[in-house]
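*Asks:* Chain by chain, the residues:
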Amino acid sequence: MTASTVSEPVLSLRGISKNFGAVQALTEVDLDIHPGEIVALVGDNGAGKSTLVKILAGVFQQSSGTISFDGSPVTLPNPSAALKLGIATVFQDLALCENLDVVANIFLGRELHPLQLDEVAMELRAWTLLNELSARLPSVREPVASLSGGQRQTVAIARSLLMEPRVILLDEPTAALGVAQTAEVLNLIERVAERGLGVVMISHNMEDVRAVADRIVVLRLGRNNGIFAPDASNHELVTAITGADDNAVSRRARRHGQAEAR
Amino acid sequence: MMAAAQQLDRQDERLQDRSGVAGTFKAFFDRVRSGDLGSLPVVIGLVIIWTVFQTLNPVFLSPNNLVNMLFDCSTTGVISLGIVCVLMVGEIDLSVGSVSGLASAMLGVLWVNGGWPMPLAILAALVAGFVIGCVYAALFNRLGMPSFVSTLSGLLAFLGLQLYILGPTGSINLPYDSPLVNFGQLLTMPHAVSYVLAAVPGVITLITRFRTARRRQAAGLSARSMGGVLLQAAAITIVLELIVFYLNGSRGIPWMFGLFVGLVMAMNYALRRTQWGRSMTAIGGNREAARRAGINVRLIYASAFALCATFAAAGGMMAAARLASASQQAGTGDVNLNAIAAAVIGGTSLFGGRGSAYSALLGIIVIQSIASGLTLLDLSSSLRYMITGGVLAIAVIVDSLARRSRVSHGRA
Numbered sequence: 001m002t003a004s005t006v007s008e009p010v011l012s013l014r015g016i017s018k019n020f021g022a023v024q025a026l027t028e029v030d031l032d033i034h035p036g037e038i039v040a041l042v043g044d045n046g047a048g049k050s051t052l053v054k055i056l057a058g059v060f061q062q063s064s065g066t067i068s069f070d071g072s073p074v075t076l077p078n079p080s081a082a083l084k085l086g087i088a089t090v091f092q093d094l095a096l097c098e099n100l101d102v103v104a105n106i107f108l109g110r111e112l113h114p115l116q117l118d119e120v121a122m123e124l125r126a127w128t129l130l131n132e133l134s135a136r137l138p139s140v141r142e143p144v145a146s147l148s149g150g151q152r153q154t155v156a157i158a159r160s161l162l163m164e165p166r167v168i169l170l171d172e173p174t175a176a177l178g179v180a181q182t183a184e185v186l187n188l189i190e191r192v193a194e195r196g197l198g199v200v201m202i203s204h205n206m207e208d209v210r211a212v213a214d215r216i217v218v219l220r221l222g223r224n225n226g227i228f229a230p231d232a233s234n235h236e237l238v239t240a241i242t243g244a245d246d247n248a249v250s251r252r253a254r255r256h257g258q259a260e261a262r
Numbered sequence: 001m002m003a004a005a006q007q008l009d010r011q012d013e014r015l016q017d018r019s020g021v022a023g024t025f026k027a028f029f030d031r032v033r034s035g036d037l038g039s040l041p042v043v044i045g046l047v048i049i050w051t052v053f054q055t056l057n058p059v060f061l062s063p064n065n066l067v068n069m070l071f072d073c074s075t076t077g078v079i080s081l082g083i084v085c086v087l088m089v090g091e092i093d094l095s096v097g098s099v100s101g102l103a104s105a106m107l108g109v110l111w112v113n114g115g116w117p118m119p120l121a122i123l124a125a126l127v128a129g130f131v132i133g134c135v136y137a138a139l140f141n142r143l144g145m146p147s148f149v150s151t152l153s154g155l156l157a158f159l160g161l162q163l164y165i166l167g168p169t170g171s172i173n174l175p176y177d178s179p180l181v182n183f184g185q186l187l188t189m190p191h192a193v194s195y196v197l198a199a200v201p202g203v204i205t206l207i208t209r210f211r212t213a214r215r216r217q218a219a220g221l222s223a224r225s226m227g228g229v230l231l232q233a234a235a236i237t238i239v240l241e242l243i244v245f246y247l248n249g250s251r252g253i254p255w256m257f258g259l260f261v262g263l264v265m266a267m268n269y270a271l272r273r274t275q276w277g278r279s280m281t282a283i284g285g286n287r288e289a290a291r292r293a294g295i296n297v298r299l300i301y302a303s304a305f306a307l308c309a310t311f312a313a314a315g316g317m318m319a320a321a322r323l324a325s326a327s328q329q330a331g332t333g334d335v336n337l338n339a340i341a342a343a344v345i346g347g348t349s350l351f352g353g354r355g356s357a358y359s360a361l362l363g364i365i366v367i368q369s370i371a372s373g374l375t376l377l378d379l380s381s382s383l384r385y386m387i388t389g390g391v392l393a394i395a396v397i398v399d400s401l402a403r404r405s406r407v408s409h410g411r412a
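Just so you know, the sequences run in chain order A and B.
Residues 1 to 262, numbered by the numbering used here, are exactly what the first sequence covers, in order.
Residues 1 to 412, numbered by the numbering used here, are exactly what the second sequence covers, in order.
Bear in mind the hints are in silico, worked out from the structure with no lab data behind them.
Note that CB positions come from ideal geometry on N, CA and C, so glycine has one too.
Mixed in with the good hints there might be a few duds.
Covered stretches of chain A, going by a simulated chain B footprint (3 or more residues, C-beta under 8 Å) [claimed, not checked]: (1) 78-91; (2) 96-106; (3) 110-121.
Here's a subset of chain B near chain A, in silico, CB distances under 7 Å, partners left out [to be verified]: (4) Thr274; (5) Ile295; (6) Arg298.
In silico negatives: residues of chain A with every beta carbon more than 10 Å from chain B [unchecked claim]: (7) Ser17; (8) Gln61; (9) Ala145; (10) Glu190; (11) Arg210; (12) Arg220; (13) His235; (14) Gly257.
Starting from the given sequences, assemble the full structure and let the hints guide the process.
*Replies:* Listed below in structure tokens is the structure:
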């Protein structure tokens with residue numbers, strides 16, 4: 001989106017480095033997230049995507065570099081600091097309680113009226129939230145165990161939106177989903193962005209990434225390795241991710257090309 | 001659009017209509033089939049047990065015997081209420097028997113031998129229970145010691161402490177004319193009071209359900225029909241009043257049982273309607289998810305262990321009042337297992353995250369019915385142990401099978 005690039009970034013990272021002992025997981029990484037923009041973070045295994053997201057979520061702290069929120073530098077010493085600032089995270093394993101119903105999961109740890117739970121108000125708020133996302137759940141009073149993978153992802157995303165965050169981080173939101181469910185979650189992500197939130201989405205699936213992302217940021221071995229528009233070719237992306245023109249993906253493509261030519 | 005379709009939570013066409021009496025029954029059968037048994041096994045078990053014992057000995061269901069049973073229920077029942085707390089978070093306390101024995105010994109030593117005022121002695125024993133629970137919590141939270149092991153060592157250690165403070169005499173008689181022993185052996189409610197108290201659950205049901213239904217309607221959510229609520233409240237009230245009427249044919253409802261039921265209702269509220277209770281259930285279901293939701297997991301564990309040991313101390317003192325003595329045998333034998341068995345039989349899962357305070361009440365009535373029935377048949381304690389053990393095994397099997405069925409029906 002051209003509009004988003006004009007506006008000020010809500011979250012801005014400059015020169016972020018992180019080392020675990022002698023291992024340099026991230027080196028001088030820059031990243032900007034604008035309101036209403038979907039940034040896809042792609043890279044091979046070990047490229048540092050999850051480390052970067054965990055730094056933004058307050059799980060890890062950067063070794064050096066600055067994080068600015070709304071233009072002013074901030075520190076994220078723990079997950080609740082990130083949440084308070086308005087950075088919500090949906091982790092890959094979702095972290096839902098299967099024995100509780102949808103309402104209880106959405107409000108877990110943030111129940112209304114701690115000494116006399118206000119179930120009516122919570123259920124109402126849950127429905128409002130889900131309807132704003134056009135999410136279709138049959139009932140919010142069923143235990144989460146009875147929901148499908150896509151529906152659980154929906155609950156996890158709705159849960160992260162409860163605190164009215166400015167930025168939402170999604171770690172592999174479509175990894176375990178079928179075709180239709182993936183499409184629903186991608187729709188959901190677009191609607192979240194339409195609400196004016198900055199979205200960072202980690203994914204290994206190039207198709208999903210190209211379907212929703214406004215920008216594709218490639219990490220390779222802990223460094224920035226290019227920013228692409230969603231219409232970049234598969235070849236360009238794979239080259240940036242693997243770091244070589246001659247890689248397993250291109251060799252495979254060539255082999256199939258030859259097989260078809262014969 | 002139909003009126004029903006405008007309700008916020010009834011818009012999805014996949015949702016079957018479960019309003020009205022027929023829908024309520026269908027929902028109930030679906031729940032049971034998928035392994036969400038609730039208190040159904042207990043009620044069925046109780047009917048079988050009562051029928052068998054009543055045919056073997058007609059005294060069994062006489063008001064006199066039932067009143068005695070209520071006295072006996074209350075002591076272990078209170079201990080079982082604590083077990084429900086630790087089971088909710090998926091942990092266990094195997095030392096409740098020893099802690100209850102220790103509390104009764106402290107009561108005897110401080111009050112009778114030491115000349116402390118009785119309330120102060122009771123308070124001291126309750127504080128001791130609380131501290132023991134906090135020690136378990138510290139071992140669990142800080143050192144990662146499984147509660148199974150820490151409480152197993154506590155079982156032995158606190159039995160030792162009980163024997164130590166009782167000293168060589170080994171048994172202390174509590175004064176017969178004291179209010180505490182009266183409370184444990186004699187005091188029953190005046191008839192009028194018992195009838196009024198029996199009406200309380202129905203009235204509370206009516207008022208809270210009615211208010212909820214009104215608020216839900218105002219918010220555009222589906223609400224239960226007023227007729228259904230009225231029917232439920234009336235049924236509860238009639239059943240309770242009939243029971244009270246029957247028992248008033250003998251000595252009436254023991255105040256001690258009243259205290260037990262009061263504690264059960266308070267715990268039920270705490271577990272169902274407060275943030276603390278929601279956190280307990282969440283931790284029992286998925287500890288990591290609860291931690292990431294910002295719940296202070298360690299504090300909740302500590303509250304569960306501390307509550308359990310405090311209830312154990314309270315139950316131990318009630319047992320001492322019931323027997324009018326603090327002895328070396330107090331809290332030994334089957335007290336431990338009966339308390340745990342009662343919670344599990346009543347429907348609290350050993351696997352954490354499922355249960356209710358009422359399971360302590362229902363479960364202890366089952367256990368006490370068996371004990372009382374076998375005593376009336378003049379069977380030896382060897383047979384009593386074997387039969388109670390068998391019942392516990394059946395209860396755990398039902399729990400495991402129901403859990404498996406819940407998993408396959410997506411109800412975890």
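*Asks:* Each hint needs a verdict: does it hold in this structure or not?
*Replies:* Checked hints:
no., hint, in the structure
1, 78-91, "holds (count 4)"
2, 96-106, "holds (count 6)"
3, 110-121, "holds (count 9)"
4, Thr274, "holds, 6 Å"
5, Ile295, "holds, 5 Å"
6, Arg298, "violated, 14 Å"
7, Ser17, "holds, 26 Å"
8, Gln61, "holds, 18 Å"
9, Ala145, "violated, 3 Å"
10, Glu190, "holds, 22 Å"
11, Arg210, "holds, 31 Å"
12, Arg220, "holds, 30 Å"
13, His235, "holds, 39 Å"
14, Gly257, "holds, 46 Å"
Checked against the numbered hints given earlier, the structure breaks hints 6 and 9 and satisfies all the rest.
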